[in-house]
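K.L.:
Produce the complete structure using the sequences and hints provided.
Those protein sequences? They're chains A and B, same order as listed. Mapping to this note's numbering: the first sequence position 249 is 249, numbers consecutive. Mapping to this note's numbering: the second sequence position 15 is 15, numbers consecutive.
Some hints could be false.
Which copy is meant is left open, because identical chains are indistinguishable; a pair holds if it fits in one copy or across any two.
Once the Cα atoms are required to be at most 27 Å apart in a straight line, the calculated DSS-like pairs of lysine-lysine come out as [unchecked claim]:
| id | residue 1 | residue 2 |
| --- | --- | --- |
| 1 | K78 | K392 |
| 2 | K115 | K420 |
| 3 | K109 | K420 |
| 4 | K470 | K392 |
| 5 | K458 | K116 |
| 6 | K150 | K116 |
| 7 | K458 | K115 |
These are calculated hints, taken from the structure and not from any lab test.
There are 2 protein chains.
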Amino acid sequence: MFAEWRLKKGVPAYLQIKDYLKEMILRSVLAPGVKLPSTRELSRLAGVSRNTVILAYQYLEDDGLVETVRGQGTFVTKITTGRGDGVTLHWPELLTDYAALATELDIEKTEPRWKKGMISFKSIAPDPELFEAEEFKKAFLRRFALEGKKLLNYLRNYLKGKGVPMAGKDLLITNGFTEAFDITLTALTRPGARVICENPTHNTAIKIMRLHGLEIAGVRMEEDGIDLKELERVLAAGDAAAVFLVPSYHNPTGVVMSPEKRITLLKLLAAHRLPVIEDGFNEELRYSGSHVAPLAALAGHGNNLIYTGSFSKILFPGLRIGWILADQELISYLESIKRSRNIHTSFLDQAVLYEYLQSGRFERYLKNARRVYRERHKTAVELVKKYIPAKKIWGQGGLHVFIELPEELNARQVLAESLKRNVIFMPGDIFYTDGGGHNTFRLGISRVNRDQMEEGFKIIGEIVNRMKAK
Amino acid sequence: MFAEWRLKKGVPAYLQIKDYLKEMILRSVLAPGVKLPSTRELSRLAGVSRNTVILAYQYLEDDGLVETVRGQGTFVTKITTGRGDGVTLHWPELLTDYAALATELDIEKTEPRWKKGMISFKSIAPDPELFEAEEFKKAFLRRFALEGKKLLNYLRNYLKGKGVPMAGKDLLITNGFTEAFDITLTALTRPGARVICENPTHNTAIKIMRLHGLEIAGVRMEEDGIDLKELERVLAAGDAAAVFLVPSYHNPTGVVMSPEKRITLLKLLAAHRLPVIEDGFNEELRYSGSHVAPLAALAGHGNNLIYTGSFSKILFPGLRIGWILADQELISYLESIKRSRNIHTSFLDQAVLYEYLQSGRFERYLKNARRVYRERHKTAVELVKKYIPAKKIWGQGGLHVFIELPEELNARQVLAESLKRNVIFMPGDIFYTDGGGHNTFRLGISRVNRDQMEEGFKIIGEIVNRMKAK
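P.N.:
Here it is as structure tokens:
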């Protein structure tokens, strides 16, 4: 299988080898347990240095796709790939009037289009010859003709690399997850409709659902993800319009849904033929353990998985880039809705992100960020155990630790006291769909060091202890 | 008045002089007819070279604020400044449930805020120290810490320079005009509400109004702007929620509303106490004649003028930056709605735009673009007259010419025939609020040269002539 190997120019060789092997593993060409060639052997086969292969294997291990047993070699890990629980939905029946009207009124789709060779009096956009390309370069704009196509192609490969089947799917670039979720709900829900989600869940998602006038059916979380028994009851209780799930590094609990639960969950959802909106939030920041495939990869070839993600959070906060990968018919509607709201996402953001991603720096950043956050999370959990008398500490990682206090305590009171001593955190109730969570709070740890955690947790712990004593 | 003159660093001297004089003229310190100091005298007073002053005077003339009479000197032109027809609205009575809910659910406004000196466990945004600032620089991102503040300050001065009173007002940066209009309607209109606008008008505006389920009350256009008699009837006919107007280089007609009409219009609107959404679309691309103040400048100190504009079209198409200048209470609601849709506008776009604007290149670009478009528009009108048997050619400029054919002709049929001969343009009916305009079309001229116009108009003319003969 390495015989037809050809290195492309412009992309680091170790990344090409890593991506090739990753695809082979996710397509089960290389099955779990299979031993990879030794680094020496592969370096000869691929015509690259041995260090290049070592680096590629390290990245694969970091991705949770292989593990190295000292003295024995590198083996493919067990990857869950149960395929076939997606279902095929007929979108026009599910779409709102807003979605239909946005598409009907989208002149990009209804008016004749310019074709090469035509004299066009259609556009009134300014003459590109007047644009001061040179000056914009100085203002950091080296690629304003890029028009997003390259980033789209990059993302297609990137998502394929996660094992997501791409046939019949299209990508839409959005201004972050917020917009992705907002326009998807605009397309699929009418006021009063029911949407099922984890409880607690991402507060921005709750806000957007409430703004859409939806009935939010929250299903409680267990340590390995959503409670399937309760989900079954909620599904049975009535017609839901959609399901919204954050299966990896769930916000706020930090829970990663187990591979087994993912498979069972998909079977359950398939029986109800529901659109499933999956938020890939922070799934890149996996800390340890095997590769966990997104639902969109596990579902296989149905069209009901709507997979969203964002680069706004994982790279830096000022960038607004997210994406929706979904059935191409649905994407066509979502595209018209987006066009009616803000035309398109900044080409400059897209160009800069593309430049950065394709340089291979993204992988390096992730490798480094995972290590730093893994250590910080471990430290945070240790320090919480030391100082804060929690009933439960949630999660397997993430940029945060979610604390459940004894029932009789109120986290907002703890916050009020903490603020007096200059410590701030996020009360948990804002993440609950049912007014619950009064005794919970979320400690964000992405921007603090060990000393600050030690000092801050100690203060919080003292306050909690004092309240418990009352 | 030049005694206290101090030059700032980092901004070209001619721009500083121009801006200073512009402010003096718009504040009527320098009244219409007043003679400016000679270039020699001002160069001595301001301590700059004579060429600097000459350049500043040229830009003022370009802005329509002064005129030079050969052999006599440079004089302030007649500027319409009738102030005081704004009204004070009480926003909570006008806002939709969506706007109120978006604000209520905006944790930026409801949760305790981080203050300097606090240990914060509130955020879960990634650690900035992990961001690869150096690598992002290479990816053209030199200023990701800018966070938009500088652009906001620049825009405040820029809009002040147009004579708009800024007291009690705030600015919101949006993803272009489309978003500005969309979120403003989200805040102020419920489905079924009536919005009054020009007929024809900007097709994107019509689309957004229809998506909001609004009743669109279009008022016919005259050669100097909206028909005030008809507007009066429409205003009298029932409660409108808002008025949307494009007073300068109106799309699609190219009409610039006369200063006199602006004053009368504002008086009429004040009597009805309506929010007025003014689109400053392309008003920078003024071709000739006196400075025409936006409605937001003429209205004075009420709070009902909502002034929007965009840099997305006038600089280059990939950038998504627009703005809303309005009463600060209203802006607070709009900000929460925007946050619920896509958090904020790309900081990178904001940073690049700021860099470009403050370098003084924007003024140069406008000067050049105005000249080019003025000539092209003149040529276009000549060629239309030569080739196309129009009933009426609309407009005083713009990136387009709007053609009215004899009543019995259908522009869509002309388009169908033109397409066969590789000529494309925009049928006029999409700009009409009432299904009218079958005999109209818009010729965009921003991206064609004289030869293409000659060839294309000739083909259109032949088709029209053939249809007339039938």
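K.L.:
Now, for every hint given, state plainly whether the structure supports it.
P.N.:
Going through the hints against the structure:
no.: 1; hint: K78 <-> K392; result: neither (30 Å within a copy, 74 Å between copies)
no.: 2; hint: K115 <-> K420; result: between (65 Å within a copy, 12 Å between copies)
no.: 3; hint: K109 <-> K420; result: between (57 Å within a copy, 19 Å between copies)
no.: 4; hint: K470 <-> K392; result: within (21 Å within a copy, 85 Å between copies)
no.: 5; hint: K458 <-> K116; result: between (68 Å within a copy, 20 Å between copies)
no.: 6; hint: K150 <-> K116; result: within (21 Å within a copy, 41 Å between copies)
no.: 7; hint: K458 <-> K115; result: between (67 Å within a copy, 20 Å between copies)
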